[in-house]
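J.: Whenever a hint applies, use it, and build me the whole structure from the sequences.
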Amino acid sequence: MLLFLFRVFLVSAFCVQAVYAELRIEITKGSDDAVPIAVVPFTNRTNLALPADIARIIDANLLRSGDFVTLPTNKMLSLPDKSGDVYFRDWKMLGQSFVLVGQVSSDAAGRRFHVQYELMDVYNQKRVVGELISSSTTGMRQLAHRISDKIYEAITGVRGAFSTKIAYVTLDLKGDDAEYRLQLADADGQRSKTLFKSAKPVLSPSWSNDATRIAYVSFESGRPAIYIQNIKTGKRKQITNFRGLNSSPMWSPDDKKLLMTLSKDGNAEIYSYHIASASLDRLTNHYGIDTEGSWSRDGRRIVFTSDRSGTPQIYEMDLVERRPERLTFKGRYNARPRFSYDGEKVYFVHKSTRDYHIASMNADGTDQYILTDTPLDESPSVSPNGRMIIYATKRNGKGVLGVVSVDGDSKYFLPSSHGEVREPSWSPFLN
Amino acid sequence: MKLEAFKHGLALVLATTVLVGCETTSTSDQESAEPTAEQGAQTSGAAGDEQLTEQQLAEQKAQAQAEKEQSAMREVRTFYFDLDQSSVKAEFRAPLAAHASYLVQNPSAKIVLEGHCDERGTKEYNIALGERRANSVAQFLKVNGVSASQIEVVSYGEESPAVAGSNETAWSKNRRVVLQY
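Those protein sequence lines, which keep their order, are chains P and R. Numbering of the first sequence is given in this note's numbering, commencing with residue 1 and proceeding in unit increments. Numbering of the second sequence is given in this note's numbering, commencing with residue 1 and proceeding in unit increments.
Everything labelled a hint here was simulated from the structure, so no lab data went into it. Fair warning: there could be bad hints in the mix.
Residues from chain P that face chain R, not an exhaustive set, calculated with beta carbons under 10 Å [as the list claims (entries may be wrong)]:
1. S204
2. A211
3. G222
4. D307
5. A392
Using 20 Å as the maximum straight-line C-alpha spacing, the simulated SDA-like pairs for lysine to any residue come out as follows [unchecked claim]:
6. P:K264 / R:S172
7. P:K394 / R:T169
8. P:K200 / R:S147
9. P:K264 / R:S147
10. P:K398 / R:I151
11. P:K394 / R:Q180
12. P:K351 / R:S172
Beyond 12 Å from chain R on every Cβ pair, some chain P residues (computed) [what the hints assert, rightly or not]:
13. T46
14. H114
15. V129
16. A178
17. S192
18. T261
19. G299
20. S306
21. D367
22. P380
Just so you know, even glycine gets a beta-carbon here, dropped at the ideal spot from N, CA and C.
T.: Here it is in structure tokens:
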């Protein structure tokens, strides 16, 4: 009995620690034409233990993107930390296209770290990019993400999105009690913190384009209502509390309006809500369900889900003409569309014979294809560099987040050690 | 919400209390409670009064029987739906009619209709679908004479499943409208 109690104590003590442990990364599939890169461990020239292993974070970031395949340290023939020490022939033999080297030093007081990194092109035998940057002891992870962004852009020509954030909702069930949390974390799932906690459902987080606020739906009053929360101050404001549905908020590109679904006039319709004047502009008018509206980046069009045809399908509408045009005809269920950043693609949820997947199509509805292969995928949200889509899925009966590249070539999961994770929303660029 | 349900349950038979108390939490209890309620209706009216005429007796019996049946019908408070559907199934018309006649006779009584969906599909579409399910129940009640002011609709979409699990058994129990007095 005593032993049992002790074990219970141990288990619960562990749980308390693990409750909001970070999301872990699990890569399931990488791209076939990934660029080989060796991220050599950075030399620690300080006499302190470093708060974060910069090279390891960069290595993980690049590998996760699916655009790179990294070389394990134990396969490296040498561990250079500056460009002059890089023997290109060795790296060429190892099949590497690029080598990243670097070192960390600190000021006398050990309060600031200086990181010198250099990216070398093996075939052209030259330095591609290099920098000396500094950070406080707490900023080391951020600094590693910033270097990852630089490397990613130098090689692919596309801005890196490793320094961005994700918002998501976790659900923890303890007997009859539910605890919903609106969480904010780095794009790799680390450094998570709670923005809002409630015993009632929280859903549909949407980032403002200036990345200062998040709009979401909370049932805290017993009814759904839309709230806006300032990320820095934590201050919340209830925006709508109409009779019936208050759902699906999404910021306009200029952050002045929110697209939202309300049923105050009878059934689910899409409205544009002007935040400063608290005025509503009704955009749809049909007895079918109209919801899940998403702005194009130029703010001129929306895509949305409507079951006016009998099944949920995706429609596009010009905001001047206001004549909805149906985009999807394949399958009985196509919903929750999101424009790509360049407005050329739409990502959405498609039901194949029985499973729900994330799919992609051109903005005119052509060229539809399925990106994911798990059965209950939903809530796609695109990374600000347009390369990846984060979405919610289920694995082993538990809600987890998945990430897939927009071409479907690479995939990874961000499983949480505790609770259900859902409703991801990728932030815009933060700087 | 639970407290109100509990208060109301006190006025009814024990089986009802179990049914109502569990409605928002567990369905396994609900399953066992439903047959009990039906049995209660079948065995009712068995006791008679020999001093009354046979006709009076029969009338009283019939009345008591009808009341019991109505009350038993009203114990059905969860109405299930087919996948992606929001029309009221035939089997729930009689119980809903019983609720309607109670609400017509008791105009001060108010109800909340909670619309729910299974986990499949998108959350926001499901919130709208849950509302449409609750609205179709509301419409049935209104057609049967219930005043709109007695009805409130709230949709939880897929956020509040009655049964956990990713299989048809769980899903069929989660596509529902729950009527709360």
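J.: Now, for every hint given, state plainly whether the structure supports it.
T.: Here is what the structure says about each hint:
For P:S204, the shortest C-beta to C-beta distance to chain R is roughly 6 Å, which falls under 10 Å, so the interface hint holds. With its C-beta approaching chain R no nearer than about 22 Å, P:A211 sits outside the 10 Å limit, and its interface hint is violated. A cut of 10 Å between beta carbons decides the hint on P:G222: the least distance to chain R is about 7 Å, and the hint holds. With 10 Å as the threshold, the beta carbon of P:D307 comes within range of chain R, its nearest partner Cβ sitting at about 8 Å, so the hint holds.
Residue-level restraint check for P:A392 holds (minimum Cβ-Cβ distance to chain R is 9 Å; threshold 10 Å). With a C-alpha separation of about 29 Å, the suggested pairing of P:K264 with R:S172 is violated against the 20 Å cut-off. Between P:K394 and R:T169 the CA atoms are separated by roughly 18 Å; this keeps the pair inside 20 Å, and the hint holds. Under the criterion of a C-alpha separation no larger than 20 Å, the hint pairing P:K200 with R:S147 is inconsistent with the structure, at around 29 Å.
Annotation: proposed proximity of P:K264 to R:S147 holds, straight-line Cα distance about 18 Å (limit 20 Å). A distance of roughly 36 Å separates the Cα atoms of P:K398 and R:I151; the hinted pair therefore is violated under the 20 Å criterion. At roughly 31 Å between alpha-carbon atoms, P:K394 and R:Q180 are farther apart than 20 Å, so this suggested pair is violated. Between the alpha carbons of P:K351 and R:S172 the distance comes to roughly 18 Å, so the proposed pair stays at or under 20 Å and holds.
With a minimum CB-CB distance of about 48 Å to chain R, P:T46 clears the 12 Å threshold, and the non-interface call stands. Distance to chain R confirms P:H114 as a non-interface residue, since its nearest Cβ pair spans about 46 Å, more than 12 Å. The claim that P:V129 is not at the interface with chain R holds, since no C-beta of that chain comes within 12 Å of its own (minimum 41 Å). For P:A178, the requirement that its beta carbon stay farther than 12 Å from each beta carbon of chain R is not met, with the minimum near 9 Å.
Against chain R, the non-interface label of P:S192 holds: every CB pair exceeds 12 Å, the least being about 21 Å. Not every C-beta of chain R lies more than 12 Å from that of P:T261, the closest at about 7 Å, which undercuts listing it as non-interface. Distance check on P:G299: its Cβ is at least 21 Å (rounded) from any Cβ of chain R, clearing the 12 Å threshold; non-interface status holds. Residue placement check: P:S306 does not keep its beta carbon more than 12 Å from all beta carbons of chain R (closest about 10 Å).
Every Cβ of chain R is farther than 12 Å from the Cβ of P:D367; the closest lies at roughly 22 Å, confirming the non-interface assignment. Distance check on P:P380: its Cβ comes as close as 10 Å (rounded) to a Cβ of chain R, failing to clear the 12 Å threshold; non-interface status is violated.
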